[in-house]
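Modelling step: build the complete structure from the supplied sequences, incorporating the hints.
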Amino acid sequence: MKIEIAEFAGFCFGVKRAMDMAWKKLQDSQGNTIYSLGPLIHNNQAVERYQQQGLKIADSVDEVEEGSVVIIRSHGVALSVYDELMSRNVEIIDATCPFVSKIQKIVSKDYAKGKAIIIVGDPLHPEVIGINGWCGNNASIIKELEDVDNMELDSTKEYCIVVQTTMNSDGYASIQKKLEEKLPSAVFNNTICSATCERQEASRKLSEKVELIIVIGGLHSSNTRKLAQVCSANCRTMHIETKDDLDIEEICGYSTIGITAGASTPDWIIEETVEYIKGAHKNRR
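Numbering of the sequence shown is given in UniProt numbering, commencing with residue 1 and proceeding in unit increments.
To be clear, the hints were calculated from the coordinates, so they are not data collected in a lab. There could be a bad hint or two in this list.
SDA-like mimics (lysine to any residue), calculated; alpha carbons at most 20 Å apart, straight line [stated by the list, open to error]:
(1) 105 with 159
(2) 182 with 242
(3) 105 with 190
Have a look at the derived ranges for each label pair, beta carbon to beta carbon [what the hints assert, rightly or not]:
(4) 65 with 44: 18 to 26 Å
(5) 112 with 182: 45 to 53 Å
(6) 59 with 31: 47 to 55 Å
Don't be surprised by glycine CBs; every beta carbon is placed ideally from N, CA and C.
Put into structure tokens, the structure is as follows:
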């Protein structure tokens with residue numbers, strides 16, 4: 001059996017930065033209660049490790065204690081959330097991914113100029129919800145190509161278009177092409193993170209040369225699901241959270257296996273999975 005790991009797999013820059021900032025604050029807590037607004041990342045196993053160190057998860061600002069510490073995760077939050085947090089006299093650790101912050105600034109600036117905002121992405125994803133909060137929650141949100149036909153677009157208006165950082169690049173290209181036909185003067189900002197593009201391309205290339213791809217990451221992680229979608233076009237694909245989700249009987253039937261992982265997947269989970277497969281294969285020889 002040959003196992004190959006994709007060139008780009010696991011934590012991206014923004015997630016690693018947020019996790020490092022949160023871990024450092026937990027180690028230096030000095031008895032303060034530390035919250036994250038929502039789970040730090042879309043990986044249950046990693047989040048549990050931080051909770052064991054004392055991190056509390058708040059689903060809203062109302063759940064945050066006065067005078068505590070609050071970590072804004074890499075997905076970012078709406079502009080109004082900062083005001084709400086400051087009114088509760090908390091220390092804010094802003095771990096918003098710099099690539100997400102860039103989108104927030106573009107949206108805020110162009111909305112102030114009177115432009116209509118379109119966000120291409122998942123309307124239920126925290127990143128998109130946060131970005132929308134930088135233009136008064138007045139953005140139009142497009143998730144699928146067919147959404148473009150269902151939108152009321154005014155070609156006389158000025159439009160600013162941004163993209164969720166983890167959007168599938170091929171999916172966005174199709175949406176952009178259709179929008180360009182309807183809004184020839186719109187300004188398109190391709191804000192898909194370079195790490196997302198690299199990860200998807202590396203996974204695609206690997207899926208073309210192996211029999212099976214195992215995609216490791218949270219089942220609710222947007223970027224991980226997109227990796228599974230990209231790989232499934234070329235070979236048998238399994239999306240798992242940990243090694244415990246593997247069907248080892250099926251795994252041992254393949255001679256070439258590829259491993260890739262979402263941006264919220266820690267290295268230790270990838271390593272555990274690889275060693276588990278190797279051990280199972282060795283025991284069956």
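Hint-by-hint comparison with the structure:
At roughly 15 Å between alpha-carbon atoms, residue 105 and residue 159 fall within 20 Å of each other, so this suggested pair holds. For the hint pairing residue 182 with residue 242, the CA-to-CA distance comes to about 44 Å; that exceeds 20 Å, so the pair is violated. A distance of roughly 14 Å separates the Cα atoms of residue 105 and residue 190; the hinted pair therefore holds under the 20 Å criterion. Our hint of 18 to 26 Å for residue 65 and residue 44 holds, since their Cβ atoms are close to 24 Å apart.
Evaluation of the 45 to 53 Å hint for residue 112 and residue 182 yields a failure: the beta carbon distance comes to about 24 Å. Hint check: residue 59 to residue 31, Cβ distance near 24 Å, so the stated range 47 to 55 Å is violated.
The structure fails hints 2, 5 and 6 (numbered hints given earlier, in ascending order).
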